[in-house]
Amino acid sequence: MHPFAFRRSSTLLITLLAASMAWGQSDDSSKATVLALQDHIVKTVNKVKPAYIMIGGGSGVIFTPDGWILTNNHVAGSKKEWPIITPDRQRFMADLIGTDPRGDIALLKIRDLKEGQNVPYCPLGDSDKLVIGQRVIAVGNPYLVGMRNAEPVVTVGIISALHRFQQGYSDCIQTDAAINPGNSGGPLIDLQGRVIGINGRVAVRFGNRVNTGVGYAIPANQIKNFLEVLRKGGVVSHGVLKGLALDARYPQGKGPVVARISKDSEADLAGFKRGDRILAIHDYPTPSQNRLAGVLGTYPAGTVVPFRIKRGDKELILRAKLTARESRSETADLSRNPNAPFLGVEFSLEHKGTGVEIEKVVPGSAAEKSGLQAGDIILGFDSTEIRNAQHLIHLIARRKVGDKVQLTVRRGNQNMTLNATLASRKSK
Amino acid sequence: MLRLTLTLFLLATYLSSPLLGQESPTPTPSLDDFTHVWRKASSKIIPAVVQIEVDRTAEEPEKKEPSGSKQIPDMFKQLFQRSKHPNRYKSRPIAPTSGVLISADGYVITSWFNVSGTLRSLTVRLSDGRSFPGKLLGRDESKDLALVKIEATGLPFAKLAKTDHLKVGHFVAALGRSTDVKQHTMTRGVVSALDRNDGNQFQLSARTNYGNSGGAVIDIEGRLLGIVTLIHPKHNWGVNSGVGFAVYTPVLLKILPRLQKGEIIKRPRRPFLGISGEATDKPRKGIRIREVHPNTAAAKAGIKKGDLLIKLNGNRINDLQGLVTAIRRAGAGKKISITILRGDKEIPFQVVLGSR
Numbered sequence: 001m002h003p004f005a006f007r008r009s010s011t012l013l014i015t016l017l018a019a020s021m022a023w024g025q026s027d028d029s030s031k032a033t034v035l036a037l038q039d040h041i042v043k044t045v046n047k048v049k050p051a052y053i054m055i056g057g058g059s060g061v062i063f064t065p066d067g068w069i070l071t072n073n074h075v076a077g078s079k080k081e082w083p084i085i086t087p088d089r090q091r092f093m094a095d096l097i098g099t100d101p102r103g104d105i106a107l108l109k110i111r112d113l114k115e116g117q118n119v120p121y122c123p124l125g126d127s128d129k130l131v132i133g134q135r136v137i138a139v140g141n142p143y144l145v146g147m148r149n150a151e152p153v154v155t156v157g158i159i160s161a162l163h164r165f166q167q168g169y170s171d172c173i174q175t176d177a178a179i180n181p182g183n184s185g186g187p188l189i190d191l192q193g194r195v196i197g198i199n200g201r202v203a204v205r206f207g208n209r210v211n212t213g214v215g216y217a218i219p220a221n222q223i224k225n226f227l228e229v230l231r232k233g234g235v236v237s238h239g240v241l242k243g244l245a246l247d248a249r250y251p252q253g254k255g256p257v258v259a260r261i262s263k264d265s266e267a268d269l270a271g272f273k274r275g276d277r278i279l280a281i282h283d284y285p286t287p288s289q290n291r292l293a294g295v296l297g298t299y300p301a302g303t304v305v306p307f308r309i310k311r312g313d314k315e316l317i318l319r320a321k322l323t324a325r326e327s328r329s330e331t332a333d334l335s336r337n338p339n340a341p342f343l344g345v346e347f348s349l350e351h352k353g354t355g356v357e358i359e360k361v362v363p364g365s366a367a368e369k370s371g372l373q374a375g376d377i378i379l380g381f382d383s384t385e386i387r388n389a390q391h392l393i394h395l396i397a398r399r400k401v402g403d404k405v406q407l408t409v410r411r412g413n414q415n416m417t418l419n420a421t422l423a424s425r426k427s428k
Numbered sequence: 429m430l431r432l433t434l435t436l437f438l439l440a441t442y443l444s445s446p447l448l449g450q451e452s453p454t455p456t457p458s459l460d461d462f463t464h465v466w467r468k469a470s471s472k473i474i475p476a477v478v479q480i481e482v483d484r485t486a487e488e489p490e491k492k493e494p495s496g497s498k499q500i501p502d503m504f505k506q507l508f509q510r511s512k513h514p515n516r517y518k519s520r521p522i523a524p525t526s527g528v529l530i531s532a533d534g535y536v537i538t539s540w541f542n543v544s545g546t547l548r549s550l551t552v553r554l555s556d557g558r559s560f561p562g563k564l565l566g567r568d569e570s571k572d573l574a575l576v577k578i579e580a581t582g583l584p585f586a587k588l589a590k591t592d593h594l595k596v597g598h599f600v601a602a603l604g605r606s607t608d609v610k611q612h613t614m615t616r617g618v619v620s621a622l623d624r625n626d627g628n629q630f631q632l633s634a635r636t637n638y639g640n641s642g643g644a645v646i647d648i649e650g651r652l653l654g655i656v657t658l659i660h661p662k663h664n665w666g667v668n669s670g671v672g673f674a675v676y677t678p679v680l681l682k683i684l685p686r687l688q689k690g691e692i693i694k695r696p697r698r699p700f701l702g703i704s705g706e707a708t709d710k711p712r713k714g715i716r717i718r719e720v721h722p723n724t725a726a727a728k729a730g731i732k733k734g735d736l737l738i739k740l741n742g743n744r745i746n747d748l749q750g751l752v753t754a755i756r757r758a759g760a761g762k763k764i765s766i767t768i769l770r771g772d773k774e775i776p777f778q779v780v781l782g783s784r
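Chains as they are written, first to last, in our numbering: chain A, 1 to 428; chain B, 429 to 784.
In case anyone wonders, no lab produced these hints; they're calculated from the structure.
Please note that a few of the clues may not be correct.
Listed below are the simulated EDC-like cross-link pairs for lysine to aspartate or glutamate, each with C-alpha atoms no more than 20 Å apart in a straight line [to be verified]: (1) B:K710 / A:D112; (2) B:K472 / B:D556; (3) B:K713 / A:D112; (4) B:K595 / A:D27; (5) B:K739 / B:D772; (6) B:K595 / B:E649; (7) B:K728 / B:E691; (8) B:K732 / B:E691; (9) A:K43 / B:E719; (10) A:K80 / B:E774; (11) A:K31 / B:D647; (12) B:K610 / B:D556; (13) B:K689 / B:E569; (14) A:K109 / A:E228; (15) A:K31 / B:D460; (16) A:K80 / B:D623; (17) B:K468 / A:D28; (18) A:K404 / A:D382; (19) B:K682 / B:D592; (20) A:K47 / B:D623; (21) B:K713 / A:E81; (22) B:K472 / A:D27; (23) B:K733 / B:E706; (24) A:K114 / B:D709; (25) B:K595 / B:D556; (26) B:K710 / A:D95; (27) B:K595 / B:D647; (28) A:K400 / A:D382; (29) B:K468 / A:D27; (30) A:K79 / B:D709; (31) A:K79 / B:E706; (32) A:K43 / B:E569; (33) A:K224 / A:D128; (34) B:K682 / B:D626.
Residues from chain B that keep clear of chain A, each with C-beta distances beyond 12 Å, as calculated [unchecked claim]: (35) D556; (36) F585; (37) R635; (38) I764; (39) R770.
In this text, a Cβ means the ideal position worked out from N, Cα and C, and glycines have one as well.
Chain A on its own, in the form it takes in the complex (with noise of 0.2 Å):
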């Protein structure tokens, strides 16, 4: 044969072979994969289970098998103590043992557990190996259905996004998941079985608290940042890296510039100089300001992290140490009277721009009966629109112990009303 005809005939062959291969597999192998991913799930599920666990009103996760619990902060984050239920119906008390508001995340360890006694657990992944598409399951408790006989509800769903920025959590993973109230502090599960992220918000429309679609969870590779520091108990705080001030006009993607340093300040002893271009911190490139910010939001205080900059033609990793977000709190200013009317807040010190930006929420506090949470921006009280946080002060100051307020408040880019009735600060 013409050795032209024969190359001829050979790539037909590959032709055919790769359009059969494209073209995909018959009914039944179709089938035995649908099968295959189904039975795959139905054993996700049962290995994962038994680590869920039902806490206020909401859902938690046994990470560890020395009995470490991860929850919401709005879940737990006001008591010191939970009655938890397993699917089994077994019920343990858990001790609050760490904090942290502004990521919403809370840490609990089983009380009273025997030496070397363990419970059954699922442990963290690695959520910077997730893959837009990739199949999770998200375990819950959803409008509470499951309180009468503490059987969890179980949705299926992909991952939607990555490392978004919205409503107040700074590197969310996004999911189509059904997630409801009842499912916050829950478990977003891969297919091997690990907790990837902890549900918390969801996306509402028309003040519906009903899943649309779009669900958010903080991710793991985060949780794991705040571990040490949570296990040490209280409450953390998030870093900010401290005299900073980024060039409010430059190209979108190519990542923010530096406008000035502070002398002296951490951003100063790091090495930051004028006109730095930040390209990434670790791995996580950062092309926005926006990104920046959220990238930031994964550290807690006292972390040092590298940032790799470009100065002129040259790249260089600069290692500076985030330092506390400062807050003020409500009563700064007012007499010590304890009668005197109080919602329960500690104002951020480093918003900028109108309304009030909450770092804290008292526990017990009227702020925190009202649904109000870390992050929130408190844009107007009642009918007046709040300016700043001496303006909130003052209206707070001029009402009543008992007297009904409304917040219109933001969360991420979410407006909300919530009731608040103000309280002495003696109360509970």
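The hints should help you fit chain B onto chain A, whose structure is shown.
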């Protein structure tokens, strides 16, 4: 040359596959695989999924649901507040719903909600466009099922399958008939939970709503597992959250003869004690009573707010689920003995359970 090209081609295919993103191989059926499987699974049942249209002159008067445990945390009370656009979502749209033919001679099962209220007429339309007047037979309100009869023979119907094999995580699809009667609708999801509504229903994440209420829930083998019932939360009608319920087909099979006779099966009266409280273990494990409802069995027996309920019929009570189970086991109208810790004294009470 051929081998080299082939190797390069296969390498290229593998490198571009999604498998590379994950470290251990999980089965990855393609969208085409799912399409094939669901098309095959639904093909037998689709002709049996019918459209139900009613001419309603009045809704059922709204019954006050017996309150469940009052321990819903405050943050959830916000959920039950009226939405900002109350009229948009709360009223039932005037549109057809769905049902399933379960016999060749015209028995159609649907959700009770679809046919509740005062009806001037009820019409059943089949996938081939034929239309029949339907007669409402029996119903079971607490399970949200109703049976309708049309006069015809040789109709396509769905067989009621067993559901013992069902597991959380199984793929399911909800089938309904759309306003265009020749088209069916399909939503897909998984079994979310197995034991809801006293074991009468399972929970699914396939989106269910007004239109496919009364429709069929099937697995990938095409077996009829259940009938779509109430969506949740009810106060947000028109918006499905991914929390939906279906009545198990074996449950339907059990009450079918009664429905065929036209029986209106009411919610069985449940034994009722009349307290609300929380589980605690201070100073001991028990239920701390937050409220004793007036004119109930507990009130009549002299149980007071603040009491700690520690035993029922000699058994320790550690949580609310345990209390509910013990009360159910005893039964409405039965006498039970309750041990209360008041202060530091253990006081026995004899209580005759009421019902509601």
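Hints, verified against the model:
Between the alpha carbons of B:K710 and A:D112 the distance comes to roughly 15 Å, so the proposed pair stays at or under 20 Å and holds. For the suggested pair B:K472 and B:D556, the alpha carbons sit about 14 Å apart, so the restraint of at most 20 Å is met. The straight-line distance between the Cα atoms of B:K713 and A:D112 is roughly 15 Å, inside the 20 Å bound, and the hint therefore holds. About 24 Å separates the Cα atoms of B:K595 and A:D27, which puts this hinted pair outside 20 Å; it is violated.
Proposed proximity of B:K739 and B:D772 is supported: the alpha carbons are some 15 Å apart, at most 20 Å. For the suggested pair B:K595 and B:E649, the alpha carbons sit about 14 Å apart, so the restraint of at most 20 Å is met. Using a Cα cut-off of 20 Å, the hinted pair B:K728 and B:E691 is violated, with the two alpha carbons roughly 35 Å apart. For the proposed pair B:K732 and B:E691, the alpha carbon gap of about 41 Å is over 20 Å, so the pair is violated.
With a CA separation close to 43 Å, the supplied pair A:K43 and B:E719 exceeds the 20 Å bound. Between A:K80 and B:E774 the CA atoms are separated by roughly 29 Å; this puts the pair beyond 20 Å, and the hint is violated. Proposed proximity of A:K31 and B:D647 is supported: the alpha carbons are some 12 Å apart, at most 20 Å. Of the supplied pair hints, the one linking B:K610 and B:D556 holds, its CA atoms being roughly 6 Å apart against a limit of 20 Å.
Simply put, B:K689 and B:E569 have alpha-carbon atoms about 16 Å apart, close enough for the 20 Å limit, and the pair holds. With a C-alpha separation of about 14 Å, the suggested pair A:K109 and A:E228 falls inside the 20 Å cut-off, and the hint holds. Simply put, A:K31 and B:D460 have alpha-carbon atoms about 11 Å apart, close enough for the 20 Å limit, and the pair holds. In summary, the hint linking A:K80 to B:D623 is not supported, as the alpha carbons are separated by about 32 Å, beyond the 20 Å threshold.
For the given pair, B:K468 sits about 11 Å from A:D28 by alpha-carbon distance, which is consistent with the 20 Å threshold. For the proposed pair A:K404 and A:D382, the alpha carbon gap of about 9 Å is at most 20 Å, so the pair holds. At most 20 Å may separate the alpha-carbon atoms for a hinted pair to count; B:K682 and B:D592 meet this at roughly 15 Å. Taking the CA atoms of A:K47 and B:D623, the gap is near 19 Å; set against the 20 Å cutoff, the hint holds.
As the CA atoms of B:K713 and A:E81 are separated by approximately 16 Å, the hinted pair is consistent with the 20 Å bound. For the given pair, B:K472 sits about 16 Å from A:D27 by alpha-carbon distance, which is consistent with the 20 Å threshold. Using a Cα cut-off of 20 Å, the hinted pair B:K733 and B:E706 holds, with the two alpha carbons roughly 12 Å apart. With a C-alpha separation of about 19 Å, the suggested pairing of A:K114 with B:D709 holds against the 20 Å cut-off.
Between the alpha carbons of B:K595 and B:D556 the distance comes to roughly 34 Å, so the proposed pair goes past 20 Å and is violated. Note on B:K710 and A:D95: the hinted pairing holds, with a Cα-Cα distance of about 15 Å set against a maximum of 20 Å. Distance check on the hinted pair: B:K595 and B:D647 sit about 11 Å apart at the alpha-carbon level, within 20 Å; holds. Among the hinted pairs, A:K400 with A:D382 is consistent with the structure: their alpha-carbon atoms are about 14 Å apart, no more than 20 Å.
With a C-alpha separation of about 9 Å, the suggested pairing of B:K468 with A:D27 holds against the 20 Å cut-off. For the proposed pair A:K79 and B:D709, the alpha carbon gap of about 16 Å is at most 20 Å, so the pair holds. With a C-alpha separation of about 16 Å, the suggested pair A:K79 and B:E706 falls inside the 20 Å cut-off, and the hint holds. Taken as a hint, the A:K43 and B:E569 pair is broken in the structure, with Cα atoms around 36 Å apart against an allowance of 20 Å.
Among the hinted pairs, A:K224 with A:D128 is consistent with the structure: their alpha-carbon atoms are about 12 Å apart, no more than 20 Å. Distance hint between B:K682 and B:D626 is fulfilled; the C-alpha atoms sit about 15 Å from each other, no more than 20 Å. With 12 Å as the threshold on Cβ separation, the claim that B:D556 sits away from chain A holds: the shortest Cβ distance comes to roughly 26 Å. The Cβ of B:F585 sits about 24 Å from the closest Cβ of chain A, beyond the 12 Å cut-off, so the non-interface label holds.
Listed as a non-interface residue, B:R635 fails to keep its Cβ farther than 12 Å from every Cβ of chain A; the least gap is roughly 9 Å. In this structure B:I764 is separated from chain A by more than 12 Å, as the shortest Cβ-Cβ distance comes to about 21 Å. Consistency note on B:R770: stated as away from chain A, and its beta-carbon is indeed over 12 Å from all of that chain's, at 22 Å minimum.
The earlier numbered hints that this structure contradicts are 4, 7, 8, 9, 10, 16, 25, 32 and 37.
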